[in-house]
Amino acid sequence: MVDIAFGPNEGPRPDPSSRHGAYMALVRRRRLYGAILLVIFLALMVSGFRLADARNAGGFWEGLPMLGAFPAELFSEAWRDRANLPGLLWQFLPSLVETVNIALVATLIGSLAGALLALLSTTGLAPWPRLVWPFRRLMDICRAIPEIVIALVLIYILGGGPVPAVIAIAIHIAGALGKLFSEAAENADRKPVEGLASVGATWGQRMWLGVIPQVAPNWLSYTLLRLEISVRASAILGFVGEGGIGHDLKIAMQWGQGRYDEVAAIFLLLFLTIVVIDQISGALRQRIVKGAHHG
Amino acid sequence: MLTATDLTCRFGPRTAVDRVSFALDRPMFLGVIGRSGAGKSTLLRMLNRLTDATSGEVQFKGTDILRLTGRAKRDWQGRCAMIFQQFNLVPRLDVASNVLHGTLSRRSTLATMFNLWPETDIARALDILDRLGIADQAPKRAEALSGGQQQRVAIARALMQDPAIILADEPIASLDPMNAQLVMDTLRRIHDEDGRTVIANLHTLDTARRYCDRVIGMRDGRVVFDGTPDQLTTGAAREIYGADASFSEKATSTTLDGLPPDTAYASTMLET
Amino acid sequence: MLTATDLTCRFGPRTAVDRVSFALDRPMFLGVIGRSGAGKSTLLRMLNRLTDATSGEVQFKGTDILRLTGRAKRDWQGRCAMIFQQFNLVPRLDVASNVLHGTLSRRSTLATMFNLWPETDIARALDILDRLGIADQAPKRAEALSGGQQQRVAIARALMQDPAIILADEPIASLDPMNAQLVMDTLRRIHDEDGRTVIANLHTLDTARRYCDRVIGMRDGRVVFDGTPDQLTTGAAREIYGADASFSEKATSTTLDGLPPDTAYASTMLET
Amino acid sequence: QEIKEFNIGILGGENAQDRMTSNECYRAKIEEALGVPVKVFTPADYDGVIQGLLGGTLDMAWLGASAYAKIYLTDPNAVSLALTKQNADGSTGYYSIGFARKDSGITALEDAKGKVFAFAEPNSTSGYLVPAAELQAKYGKLEDYFAEVKFSGGHEQTIVGVANGDFAAGVSWADGLGNWEDGYNSGAFRKAADAGLVEMNDLVEIWRSALIPEGPMVVRAALPADVQEKVIQITADLWETDPECAYGVAAGEAKDFVPVTQEAYTGIIAARKLQEGM
Amino acid sequence: MADAALVADVTARFRRTRLLALAVPVAILAYLAYAFVAFDVASLAQRARWDNAQVLLSDFWSYKTHVTRDNRSDKLTVAIEGEAKGTYAPGQLPDWVTVQGDVATIDLGQGHVVTYFPGGARYDVPGYGAIEITEEGGRPVLTAPEPLPDWISVSDNRISVTTSAGRFSYSRSKVETFRYQPGWELFFFTLDSPFHGKSPAELAALALWEPRIDPVRSNLELMANAVWGNKMWHHADVAGAIFETILMAFLGTFAGALVALPLAFFAAANTTPSRVLRFGIRRLFDFVRGVDALIFTILLSRAFGPGPLTGALAMLVTDMGGFGKTFSEALENIDEKQVEGIRSTGANALQRARFGVIPQIVPILMSQVLYAFESNVRSATVIGAIVGGGIGLLLTQAIITQKDWEEVAYYITLIVLMVMVMDSLSGWLRRRLIKGNPEGGHAGGH
Ligand SMILES: Nc1ncnc2c1ncn2[C@@H]1O[C@H](COP(=O)(O)OP(=O)(O)OP(=O)(O)O)[C@@H](O)[C@H]1O
Ligand SMILES: Nc1ncnc2c1ncn2[C@@H]1O[C@H](COP(=O)(O)OP(=O)(O)OP(=O)(O)O)[C@@H](O)[C@H]1O
Ligand SMILES: [Mg+2]
Ligand SMILES: [Mg+2]
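Protein chains in written order, with this note's numbering: chain A, 1 to 295; chain B, 1001 to 1272; chain C, 2001 to 2272; chain D, 3001 to 3278; chain E, 4001 to 4446.
It should be emphasised that the hints constitute simulated quantities derived from the structure, not laboratory data.
Take the hints with a grain of salt, since some may be wrong.
Within a straight-line C-alpha distance of at most 27 Å, the following computed DSS-like cross-link-like pairs (lysine-lysine) qualify [stated by the list, open to error]:
| id | chain 1 | residue 1 | chain 2 | residue 2 |
| --- | --- | --- | --- | --- |
| 1 | A | Lys290 | B | Lys1140 |
| 2 | E | Lys4337 | B | Lys1140 |
| 3 | A | Lys191 | B | Lys1140 |
| 4 | D | Lys3141 | D | Lys3039 |
| 5 | E | Lys4085 | D | Lys3191 |
| 6 | E | Lys4198 | D | Lys3029 |
| 7 | D | Lys3255 | E | Lys4075 |
| 8 | D | Lys3255 | D | Lys3191 |
| 9 | E | Lys4231 | D | Lys3039 |
| 10 | A | Lys191 | B | Lys1073 |
| 11 | D | Lys3255 | E | Lys4337 |
| 12 | D | Lys3029 | E | Lys4231 |
| 13 | C | Lys2073 | E | Lys4337 |
| 14 | E | Lys4231 | D | Lys3255 |
| 15 | D | Lys3102 | E | Lys4174 |
| 16 | D | Lys3191 | E | Lys4174 |
| 17 | E | Lys4231 | D | Lys3191 |
| 18 | E | Lys4337 | D | Lys3039 |
| 19 | D | Lys3230 | D | Lys3191 |
| 20 | A | Lys290 | E | Lys4337 |
| 21 | E | Lys4075 | D | Lys3191 |
| 22 | D | Lys3230 | D | Lys3255 |
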């Protein structure tokens, strides 16, 4: 675009001396604000740390050398009983499979709902701009109500079993992913969306073709992170009495001595699951960003 | 055929387009010129219903298109194609899909989700790309193309809409002179051969003079010039651009002096 | 002063730059032309040590800059400024900060981490912006500027480095003719007045002819032309571009015919 | 040997509520006696207190029986036993109670053979540890004795699950005082009945465990002897000197805090050991 | 006409993508169908017990008052939620309970009236008749219109009646009536407070001009103390817990982000060329994410004991894994042009990161960190339960004790409000960061 104001002939040449003064003042002001913010942040961190330290049973510095005590206890026992490991891995595998199933169903449903909520509540993309606020608050509520409470209420209605857990986790995921999805969508480039609007595309078409391809890598990695978290989530599955690998871990862990070999085995399974999910996430992202195999 | 009456658009306190009126009685190639911020883009966006007008009306063959909503509005957008300066393609999708998007107003959402494009449409898209000389780019992602190629994809998408009107917002501003000529030639041929109305925002006067049947000059949202290219003298241009006597329109010229319009190339491009 | 010998760069099987040699005995304005993919950018990137050369050497005042590492390499980069086609500014930071980045190689890491620039540097950055006519944009974010303004910020950053050599990779390719002239004039004045070497990749022959002291033509990674602008005939150009007889260089001309170089403006701009 | 501060951990067992406020008077008394700052921690999960005692950051704690067993098994020398709570009727414990739906025809545990049986959760003393150990001792491997052994997830879930017919029988806890039809005086049954979740008329008691001891108060063994003595003395006298405060510490009506010995917990420790391999 | 081979090629491509576009949802549907069968969703509808939900949910927003007579001592107590702290003093019973000598009359509303009389009780249910219970030989005996409806449950020792107005039960030891009323009773003032039962107008009058109730303090101060020290709702403790939660979340989240950020640079492909190092750091992140918050909290409790510091450290460690992953992915998505621009000036690695990378990822960082902050505030139940602090502890306790669902509802309401505030805050911050600050940040009009 031609800026006539800065063209060869046009426009007043600004007086350098006053400009400098104004900009220097701006820099000083910004520096001051920056310094104040930094000082406030550091002061909050330091005083927060000291307060927390004072309220804690043990102090931070005295406790630091003891950090290894518990892991040492755990590992020495797990190492002593390492012979049990293969058997335990095998024993907990079905539990892992079931948990992954529950987490997967919940994540699928939750992320689909979250995607819809996100698009409905992103300023600029929402089909009904007036409803952005209520949808945002709905998402807040979905993720603020603890899953355990939802699960408990559902258990009294539906009885124990995986379904209450799935619903509770899915509601939570819809709220949590809705927020993250919406923030990713907010950053998306609007040009393609506008291009689609200009050909008379419906809202659904604009979102599907204009927004989703852009945000897919981010959405995917958030979703898979959620899947991981859901696999580990122990509390809800424990409450519904369904067990699940996270709950098994919790039980073994809380039992303490005597079951640390179980802790090690379950942890190994969880770790492997997470590595697998992480790799899938990386591969899929790569595929979306770089394109599958275009010539 | 297309009549705009007192078309006005306000953004808060700022009036981007101020009581613009014009009437086209037959399909023509209309150029809109004016300096940055004059309201050219806003005018086109209102015609395409991307931006809502504050007041005024636009009649097209008897219907006020500014009153359309929902389905009817999308139908109108389907008949009135827009070409953007920044192309506004979907960069991660391939070129052919981008062209097929031109048919979206006729397709159901579900069908698009499952990529269900009729094979005849695919063939037509390829034909159009072929007319524009980029058929071999069809399987590539749009983002992998050069600017000139992307602009031609955008034109292909517009043609795919089979529109009555083509709105082009500075279609050549980000192109090099060669590509610029190519694109303008293409638009002119589309007007000449298919009889479609083309309304193009242009930054450069000589382009307007060379290609348009009629030119509208805007300044601060208002129409300050409306006439044939011949009437667009340097004096008129100074008036439009609000420039003083030192203004030399050559400064913004992209003319390809001495190069006759490349009719041979344009005709190979447009024959199907 | 600057001597490149058998400079080669391979990307896998592809040789992007193939045994390029040239020598500059005094500061000059060197243009590099050649069609897309000829290896122009790669050549410049090797000189700036952004891309590692596969073989060959580059002597600058007695040191082989290709052998430099760590601190010494960064010092070299500090003395050899690069201007990119896409500007490569930090869009979220304000213009003045972007210009101040030019001093990074001289500042301690710790001070820069907290954005603590000496006031003298800030004043100098503002002076340079002022020379380029965009001092009042200093507090704005770089992304808020137009293309021509951003390119001038990039030049300001280069000047801030107080470099011996300025490498400019297609500095005007994304600019309109007016801004293009402005930027080229500026580069030329920097060469003329400060005696800095400028090496610029250019897409257009007439620009090369008008501004350069010497022109190198590249094709498929090799130097196929090396001479003065006068020697750059249409025949030579055909050779460089590998084009056939239908090639008319006017097709890519951005010349602003008839407009004399704006010496008055350029001199106000460059006096400090 | 001097101490600089004194930290108390309190686990309310299975019916704790508003414990922070109810222990404030207790804290103040100890602070006065020891002359060092005293802090009270009331985690809901017993691992906070257990790890604190094992790591030496907590000096004294009220524990559940099972938590004590865990500490004892991890490190027998970490803490020394001091006192426990004596209930109003003089007993020092509660029961795990087996129950079924009245219309199921099950009146004794033998009737539940080959049916679905529910425990609360594997870490619960009265909901699993003790009943499972006792039942196993009597009937052999429970997986074989019952058609299926399930964990409901908690006491309430067991009660509602049995009432709904999801499980044929299950166990939960009660103090065993008062009448069955009221859900006894306190315990999970009483809460469920009061909340209106189950109708006690529909349920029958089919089994009762041996007395499960109330959790003890323990002090860290490494503390100076005079400090240990002072704290134990204050607590032992609490019902006499300040009954209102004692009510808060005991989390309800009780008679006294009485000395307790290792014997009281041998059963629990044995049950835990038995379960260890499972 | 376009080249036939090209048409064929492109059409084939479209067929393939169409196949994929169909296959993915079909696969998802198939999986969901499998889950539907595996989880036995079909029979769930029949098993569903909505009445239970009703009972439970109504407890969230209503309270019940127990009117109990001990049949052995004939002592009558009226207590909110049956708690000692909520017991009405004998002279100040609510107006729907009237006592005349040995006879107590309880008006449940809607015409339902319960009368306790010596040796028995009667419940008049409108439209049904009188349910009369008298004690014979130590057992309650029922007289009621036949046939008995299913909302009356009778056994040898106990009779209970559940109606829409309330619940009534008679057993050997006691007779009890529960009246349900909406609201969170005693939320501001407990029964022993002089302000209990006063209307807002009366309270305002008391606070502003009426004579002091306690000569030492103003009425307003007394009122504030009464609310703050409320023994039923523990507002002071709840406020303290919220503060502790925010403290833990603030320390844990921001310190976690500060630790994860430099590590993330070593886990991103574009900032760390060494595959081995990248692999190592990535697995470290996976490891940290794999170890549950629970394990870390227990581990840290051993070293530091319970308390907010342990909670903050546990959050720090657990968030680190998630931050590391998302930060490094954000790093891999950055625009390299800016980094190259900085590099060309001779900047070292730290400076490149500071000026080329950080400005680009700040919005993502911010949104991740603020989200984690929010998430830590709301869901620190596991950590809170172990370290004994924060709203998470209160919530866990309220859930474990199962009695006080209105307390659960109260905490949830507080958490929801906190989340909403934080969501708005994070939106505001993000807008400032992305769009620039008002002073000179606005996009130049073109
Ligand atoms: N969405 C909007 N909100 C607020 N103001 C706007 C908006 N869109 C445009 N404007 C303002 O309206 C005026 C006209 O803008 P418009 O984009 O139509 O100008 P233009 O003639 O197309 O300029 P250019 O040649 O730079 O594209 C400008 O001042 C612009 O800042
Ligand atoms: N990082 C890289 N990896 C692989 N190949 C590369 C890389 N950079 C450049 N090339 C290849 O090297 C050749 C020369 O590229 P270069 O960018 O130097 O060309 P150019 O002359 O600058 O072209 P243009 O005018 O389009 O900028 C091209 O074929 C290009 O594809
Ligand atoms: Mg415009
Ligand atoms: Mg290049």
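Hint check:
Pair hint lysine 290(A) plus lysine 1140(B) holds up; C-alpha atoms about 12 Å apart against a cutoff of 27 Å. Using a Cα cut-off of 27 Å, the hinted pair lysine 4337(E) and lysine 1140(B) holds, with the two alpha carbons roughly 23 Å apart. A hinted pair counts as satisfied when its Cα atoms are at most 27 Å apart, and lysine 191(A) with lysine 1140(B) qualifies at roughly 19 Å. Between lysine 3141(D) and lysine 3039(D), the direct Cα distance comes to roughly 45 Å. Violation of the 27 Å bound is thereby established for this hinted pair.
Restraint check: the Cα-Cα separation between lysine 4085(E) and lysine 3191(D) comes to about 17 Å, which is no more than 27 Å; the hinted pair holds. A hinted pair counts as satisfied when its Cα atoms are at most 27 Å apart, and lysine 4198(E) with lysine 3029(D) does not qualify at roughly 37 Å. Taking the CA atoms of lysine 3255(D) and lysine 4075(E), the gap is about 22 Å. The hint holds against a cut of 27 Å. Of the supplied pair hints, the one linking lysine 3255(D) and lysine 3191(D) holds, its CA atoms being roughly 22 Å apart against a limit of 27 Å.
The suggested pairing of lysine 4231(E) with lysine 3039(D) holds, with an alpha-carbon distance near 21 Å, which does not exceed 27 Å. Taking the CA atoms of lysine 191(A) and lysine 1073(B), the gap is near 20 Å; set against the 27 Å cutoff, the hint holds. At roughly 77 Å between alpha-carbon atoms, lysine 3255(D) and lysine 4337(E) are farther apart than 27 Å, so this suggested pair is violated. Taking the CA atoms of lysine 3029(D) and lysine 4231(E), the gap is near 21 Å; set against the 27 Å cutoff, the hint holds.
Between lysine 2073(C) and lysine 4337(E) the alpha-carbon distance is near 20 Å, which keeps this suggested pair within the 27 Å criterion. Pair hint lysine 4231(E) plus lysine 3255(D) holds up; C-alpha atoms about 24 Å apart against a cutoff of 27 Å. For a cut-off of 27 Å, the pair hint linking lysine 3102(D) to lysine 4174(E) stands: about 22 Å separates their Cα positions. Restraint check for lysine 3191(D) and lysine 4174(E): satisfied, since their Cα atoms lie roughly 16 Å apart, inside the 27 Å limit.
Restraint check: the Cα-Cα separation between lysine 4231(E) and lysine 3191(D) comes to about 21 Å, which is no more than 27 Å; the hinted pair holds. Between lysine 4337(E) and lysine 3039(D), the direct Cα distance comes to roughly 56 Å. Violation of the 27 Å bound is thereby established for this hinted pair. A distance of roughly 37 Å separates the Cα atoms of lysine 3230(D) and lysine 3191(D); the hinted pair therefore is violated under the 27 Å criterion. Simply put, lysine 290(A) and lysine 4337(E) have alpha-carbon atoms about 17 Å apart, close enough for the 27 Å limit, and the pair holds.
Proximity of lysine 4075(E) to lysine 3191(D) is assessed by CA-CA distance (about 22 Å); at most 27 Å being required, the pair is judged to hold. A threshold of 27 Å between alpha carbons decides the hint, and for lysine 3230(D) with lysine 3255(D) the separation of about 21 Å falls inside it, so the pair holds.
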